[in-house]
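Q: Residue numbers (numbering that gives the first Met the number 0), protein chains in the order written: chain R, 0 to 529; chain H, 0 to 529.
Treat the hints as calculated values from the structure; they're not laboratory data.
One or more of the hints may lead you astray.
Given that identical chains are not distinguished, each listed pair holds provided it fits within a single copy or across any two copies.
As the list claims (entries may be wrong) - When the alpha-carbon atoms are kept at most 25 Å apart in a straight line, the in silico PhoX-like pairs for lysine-lysine are as follows: (1) K30 - K110; (2) K229 - K391; (3) K229 - K246; (4) K110 - K134; (5) K350 - K374; (6) K350 - K340.
Protein chains: 2
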Amino acid sequence: MSISGFSLIGGQAATAAGATFSGINPATGEKLEPLFHTASLEEVEQAAAAAAAAAPVFGALSGKERGVFLRAIADGLTADAEAIIARAQLESGLPLPRLQGEMGRTTGQLKLFAEVIEEGSWLDARIDAALPERKPLPRSDIRSMLRPIGPVVVFGASNFPLAFSVAGGDTASALAAGNPVMVKAHPAHPGTSALVGAVIQKAVAAAGLPEGVFSLLFDAGVAVAQAVVKHPAVKAVGFTGSAGAGKALTRLCHEREEPIPCYAEMGSTNPLFILPGAMKERAAGIAAGLQGSFTLGSGQFCTKPGLVFLPGGSSEFVDALKTGVDAMGGHGMLTPGIASKYTEGVAERVKSGKAEFVAGTQAAGEGQTPVDCAKGQAAVFAVSLAQFMAEKDLEEEIFGPTTMLIYYDSVDELPAAAAKLHGHLTATLHANAEDAAGAGKLIAELETKVGRILFNGFPTGVEVCHAMVHGGPFPATSDTRTTSVGTRAILRFARPVCYQDFPDAALPAELRAGNPLGIMRMVNGKLERE
Amino acid sequence: MSISGFSLIGGQAATAAGATFSGINPATGEKLEPLFHTASLEEVEQAAAAAAAAAPVFGALSGKERGVFLRAIADGLTADAEAIIARAQLESGLPLPRLQGEMGRTTGQLKLFAEVIEEGSWLDARIDAALPERKPLPRSDIRSMLRPIGPVVVFGASNFPLAFSVAGGDTASALAAGNPVMVKAHPAHPGTSALVGAVIQKAVAAAGLPEGVFSLLFDAGVAVAQAVVKHPAVKAVGFTGSAGAGKALTRLCHEREEPIPCYAEMGSTNPLFILPGAMKERAAGIAAGLQGSFTLGSGQFCTKPGLVFLPGGSSEFVDALKTGVDAMGGHGMLTPGIASKYTEGVAERVKSGKAEFVAGTQAAGEGQTPVDCAKGQAAVFAVSLAQFMAEKDLEEEIFGPTTMLIYYDSVDELPAAAAKLHGHLTATLHANAEDAAGAGKLIAELETKVGRILFNGFPTGVEVCHAMVHGGPFPATSDTRTTSVGTRAILRFARPVCYQDFPDAALPAELRAGNPLGIMRMVNGKLERE
Numbered sequence: 000m001s002i003s004g005f006s007l008i009g010g011q012a013a014t015a016a017g018a019t020f021s022g023i024n025p026a027t028g029e030k031l032e033p034l035f036h037t038a039s040l041e042e043v044e045q046a047a048a049a050a051a052a053a054a055p056v057f058g059a060l061s062g063k064e065r066g067v068f069l070r071a072i073a074d075g076l077t078a079d080a081e082a083i084i085a086r087a088q089l090e091s092g093l094p095l096p097r098l099q100g101e102m103g104r105t106t107g108q109l110k111l112f113a114e115v116i117e118e119g120s121w122l123d124a125r126i127d128a129a130l131p132e133r134k135p136l137p138r139s140d141i142r143s144m145l146r147p148i149g150p151v152v153v154f155g156a157s158n159f160p161l162a163f164s165v166a167g168g169d170t171a172s173a174l175a176a177g178n179p180v181m182v183k184a185h186p187a188h189p190g191t192s193a194l195v196g197a198v199i200q201k202a203v204a205a206a207g208l209p210e211g212v213f214s215l216l217f218d219a220g221v222a223v224a225q226a227v228v229k230h231p232a233v234k235a236v237g238f239t240g241s242a243g244a245g246k247a248l249t250r251l252c253h254e255r256e257e258p259i260p261c262y263a264e265m266g267s268t269n270p271l272f273i274l275p276g277a278m279k280e281r282a283a284g285i286a287a288g289l290q291g292s293f294t295l296g297s298g299q300f301c302t303k304p305g306l307v308f309l310p311g312g313s314s315e316f317v318d319a320l321k322t323g324v325d326a327m328g329g330h331g332m333l334t335p336g337i338a339s340k341y342t343e344g345v346a347e348r349v350k351s352g353k354a355e356f357v358a359g360t361q362a363a364g365e366g367q368t369p370v371d372c373a374k375g376q377a378a379v380f381a382v383s384l385a386q387f388m389a390e391k392d393l394e395e396e397i398f399g400p401t402t403m404l405i406y407y408d409s410v411d412e413l414p415a416a417a418a419k420l421h422g423h424l425t426a427t428l429h430a431n432a433e434d435a436a437g438a439g440k441l442i443a444e445l446e447t448k449v450g451r452i453l454f455n456g457f458p459t460g461v462e463v464c465h466a467m468v469h470g471g472p473f474p475a476t477s478d479t480r481t482t483s484v485g486t487r488a489i490l491r492f493a494r495p496v497c498y499q500d501f502p503d504a505a506l507p508a509e510l511r512a513g514n515p516l517g518i519m520r521m522v523n524g525k526l527e528r529e
Numbered sequence: 000m001s002i003s004g005f006s007l008i009g010g011q012a013a014t015a016a017g018a019t020f021s022g023i024n025p026a027t028g029e030k031l032e033p034l035f036h037t038a039s040l041e042e043v044e045q046a047a048a049a050a051a052a053a054a055p056v057f058g059a060l061s062g063k064e065r066g067v068f069l070r071a072i073a074d075g076l077t078a079d080a081e082a083i084i085a086r087a088q089l090e091s092g093l094p095l096p097r098l099q100g101e102m103g104r105t106t107g108q109l110k111l112f113a114e115v116i117e118e119g120s121w122l123d124a125r126i127d128a129a130l131p132e133r134k135p136l137p138r139s140d141i142r143s144m145l146r147p148i149g150p151v152v153v154f155g156a157s158n159f160p161l162a163f164s165v166a167g168g169d170t171a172s173a174l175a176a177g178n179p180v181m182v183k184a185h186p187a188h189p190g191t192s193a194l195v196g197a198v199i200q201k202a203v204a205a206a207g208l209p210e211g212v213f214s215l216l217f218d219a220g221v222a223v224a225q226a227v228v229k230h231p232a233v234k235a236v237g238f239t240g241s242a243g244a245g246k247a248l249t250r251l252c253h254e255r256e257e258p259i260p261c262y263a264e265m266g267s268t269n270p271l272f273i274l275p276g277a278m279k280e281r282a283a284g285i286a287a288g289l290q291g292s293f294t295l296g297s298g299q300f301c302t303k304p305g306l307v308f309l310p311g312g313s314s315e316f317v318d319a320l321k322t323g324v325d326a327m328g329g330h331g332m333l334t335p336g337i338a339s340k341y342t343e344g345v346a347e348r349v350k351s352g353k354a355e356f357v358a359g360t361q362a363a364g365e366g367q368t369p370v371d372c373a374k375g376q377a378a379v380f381a382v383s384l385a386q387f388m389a390e391k392d393l394e395e396e397i398f399g400p401t402t403m404l405i406y407y408d409s410v411d412e413l414p415a416a417a418a419k420l421h422g423h424l425t426a427t428l429h430a431n432a433e434d435a436a437g438a439g440k441l442i443a444e445l446e447t448k449v450g451r452i453l454f455n456g457f458p459t460g461v462e463v464c465h466a467m468v469h470g471g472p473f474p475a476t477s478d479t480r481t482t483s484v485g486t487r488a489i490l491r492f493a494r495p496v497c498y499q500d501f502p503d504a505a506l507p508a509e510l511r512a513g514n515p516l517g518i519m520r521m522v523n524g525k526l527e528r529e
């Protein structure tokens with residue numbers, strides 16, 4: 000499969016001769032062919048106009064019809080999986096089994112959203128029948144359901160070149176809800192983006208859909224991103240990435256003439272609490288699990304546990320962690336840029352003297368970076384709970400394989416410590432039965448701080464399922480009411496519309512008399528499929 | 000019942016001796032007793048701290064328990080209805096039957112939200128069971144449901160002193176979802192606010208709830224409003240009122256250190272389309288209905304139809320409307336401030352020459368205001384579709400009993416005209432069967448522009464029911480994904496939280512094994528009550 004290096008504007012290939020950039024092999028630093036061309040602002044305009052034109056047609060399809068289209072994308076990805084994964088491996092340096100797994104997650108996610116829209120209860124269809132005899136005033140026939148929000152812009156993430164990128168969760172959920180999608184490709188994996196984009200473009204054509212249902216935009220800088228987010232046809236934005244970029248994007252969305260929702264998942268440090276009973280019973284096991292979790296994918300996951308609250312002392316645990324981490328090699332970072340940011344973050348933390356460096360793979364002189372961050376080597380810091388509470392910036396994420404041990408004296412300190420945290424994606428408790436019985440206050444605090452709480456597990460590895468919440472209060476995300484993983488993610492790209500006293504034929508099929516689509520509906524307050 | 004004139008800070012009466020203001024009888028301009036005292040910033044702090052302390056306790060109650068509390072508020076309002084309505088009549092000038100109806104709506108709304116939380120399906124409880132044998136990786140037990148978002152600030156609206164004020168829809172839905180509420184009383188009806196606030200304060204005490212579940216704040220200016228919205232304990236804001244105030248409030252929410260959702264319902268002009276067949280068959284009936292709707296409550300409804308698209312000519316309709324409107328007296332405006340803004344708006348439109356004045360109750364010289372706006376007299380303007388499209392500001396709301404006729408030549412022009420509209424709360428079609436059969440394109444455009452579309456009715460009179468949507472794209476509201484009327488309004492004040500591999504006893508009852516509360520849940524993708 001050849002890669003042209005140009006944006007996809009609906010069914011067309013772009014031709015703009017703007018600024019160029021290349022994919023880079025992070026293992027070698029070598030530039031990969033071909034050159035990629037920044038879309039022109041005219042091409043952005045064309046893509047947005049095509050999306051706007053496609054919206055009513057695509058949005059009027061039934062869930063069953065759109066489900067067929069989502070499955071066709073999944074099948075197309077499966078057919079081209081080898082080439083896509085090979086390119087993703089070159090551009091990301093991620094190991095083959097990880098990318099194979101990620102491809103399975105990406106296609107599985109598309110099929111799961113197909114199931115959701117075929118089943119139809121997500122539409123929240125409601126009917127309140129007319130009450131013509133009601134006194135003092137009759138009631139009209141009132142029906143409502145969720146409808147597509149309108150064209151969506153999706154920003155691919157660097158750390159999941161498949162599952163959070165061109166055909167990832169944001170795209171799948173936005174398409175499932177009935178919205179055209181314009182993806183701004185992440186410059187760290189442009190070739191992967193082009194290959195996946197071509198699969199979607201083909202599926203659009205094969206399904207006979209308006210070409211504006213999908214476009215893919217390349218951008219060497221930020222001009223294309225800004226132009227497309229500001230475009231009046233765009234009605235929502237999905238993003239996964241850094242706090243800086245996420246906040247800037249959210250501001251851009253809010254400052255438009257017509258403000259629009261921005262769903263920015265900006266990562267977090269995912270506090271993990273080891274309670275005393277669990278520490279007594281499973282110190283070595285928890286240490287091994289933590290080591291595996293915070294270094295998985297070189298620590299480049301939004302759910303990496305980066306704050307570990309543990310009882311003071313805990314020498315068995317610390318020794319096990321230290322031995323394990325010191326023996327690890329580095330597995331490389333996703334991009335040279337991420338590698339240098341990780342290096343800076345670790346160096347800064349060492350230099351600040353706010354936390355003690357306790358484990359890593361390389362000895363170093365005072366004030367020097369103790370590990371080879373460019374290679375993705377792990378670093379563990381430690382601090383007392385009092386120090387942690389006094390230094391607010393210790394809560395901030397360093398993207399990469401580093402974590403921080405925070406020693407507490409008594410579990411009674413933990414609810415207050417949790418209450419001082421800002422928003423995170425996850426929190427984890429390691430607790431035996433006795434610990435759990437006394438953890439009610441801590442759990443109540445954590446419920447207000449994160450989107451997902453785990454017992455005796457590790458937060459990396461986010462299951463794509465109906466009940467998943469991958470979200471949380473600011474600054475973990477820009478919208479605590481939502482999740483970017485799991486089937487609830489579809490709700491981000493819909494809005495309710497109400498139809499009063501409509502002739503049956505003018506209603507969407509989902510709301511018609513006799514429930515022709517057989518979906519779950521709330522009729523006069525009762526859920527039923529009749 | 001006596002009114003102290005001080006804010007209610009949880010269970011306490013405030014004592015601040017800040018700037019004072021009075022309720023005003025709009026019919027006479029006379030100041031009403033007592034003086035009301037602006038809350039101090041210390042009192043704001045106390046109210047917010049009490050709300051934060053109450054949040055976990057109140058949020059942990061089951062829906063059945065909170066339902067009892069909502070019903071107790073409704074019963075308290077009913078018990079004190081006579082005094083509350085008498086004061087509301089003095090402060091708003093609204094007629095007694097209207098206020099009696101509004102009281103019924105307010106108590107009915109509280110009881111409807113009680114039913115919703117007793118039934119429980121709104122929680123969107125989901126369970127994906129563990130799959131320990133799954134290859135290549137086992138699946139954890141993953142459960143999630145909606146949880147309270149946290150303390151909510153509600154701004155009372157001037158035009159519904161009961162149903163959109165202290166115990167109105169925003170308060171009812173925020174309490175139903177399990178959140179403490181701080182109400183900033185509208186200065187146009189402080190006495191009504193005090194009486195209703197006292198009822199809620201009593202219900203909180205009688206239910207043995209933490210006093211911070213409810214506070215009521217008076218403010219002669221905007222300092223209290225700003226302080227409470229900026230308070231870190233506050234997690235969402237509900238507002239109904241003007242576009243200017245709503246936009247400022249939304250900005251304030253977005254610019255906080257932790258941005259929070261702001262639900263501002265800012266009104267609209269509610270386009271109404273009379274299609275040719277309906278005009279031929281029912282000109283006089285539609286004219287009478289329109290007259291009743293745009294002048295109802297002196298046109299002081301967010302759903303007032305202010306843009307009427309009709310076939311060129313339509314002399315029977317225009318004559319009937321003109322005769323009807325010219326014969327109307329004025330019924331007064333809610334406040335002197337609203338009366339003078341209405342006067343300015345009408346005068347400005349006359350002076351601009353952008354639309355022709357065609358009906359009203361008073362002759363006037365060129366360039367003069369043609370009606371006595373201070374008395375709430377009606378004014379009808381007219382314009383061609385081409386002129387309307389050329390003058391963007393003709394789409395803007397003038398709050399009061401005025402509407403604008405917009406003459407089109409052909410129904411084929413309407414989809415494009417609708418596509419150029421900004422967001423509104425409602426759109427209405429008057430159409431016979433033949434009109435309706437050809438209106439698909441127009442309806443598709445309107446679906447993207449409004450929250451509710453009506454057939455052959457009038458948009459004033461918003462039913463409180465499950466299927467209602469009182470919302471719409473910006474600038475009608477600040478968040479097109481939501482409604483401020485109807486039971487879906489509760490979703491504004493909740494966020495999903497996920498529990499992974501939790502011991503059963505540590506889960507909220509709604510997610511426990513065996514479904515002890517008997518609520519509808521999605522279990523492995525299937526909705527069931529088992």
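Q: Can you give me the call for K229 and K391, within, between, both or neither, at a CA distance of at most 25 Å?
A: between (34 Å within a copy, 20 Å between copies)
Q: Evaluate K229 and K246 at a C-alpha cut-off of 25 Å and name the case that applies: within, between, both or neither.
A: both (15 Å within a copy, 19 Å between copies)
Q: One pair to classify: K110 and K134, alpha carbons no more than 25 Å apart. Within, between, both, or neither?
A: This pair counts as between: shortest inter-copy Cα distance 18 Å, intra-copy 49 Å.
Q: Between K30 and K110, at a C-alpha cutoff of 25 Å, which is it: within one copy, between copies, both, or neither?
A: Neither way: K30 and K110 sit 35 Å apart in one copy and 66 Å across, limit 25 Å.
Q: Since the copies are identical, ignore which copy is meant and state whether K350 and K374 lie within 25 Å (CA to CA) inside a copy, between copies, both or neither.
A: Cα proximity of K350 and K374: one copy only (20 Å, versus 72 Å across).
Q: Measure nothing new, just compare the shortest in-copy and cross-copy C-alpha distances for K350 and K340 to 25 Å and report within, between, both or neither.
A: within (15 Å within a copy, 61 Å between copies)
Of the numbered hints stated above, the single one contradicted by the structure is hint 1.
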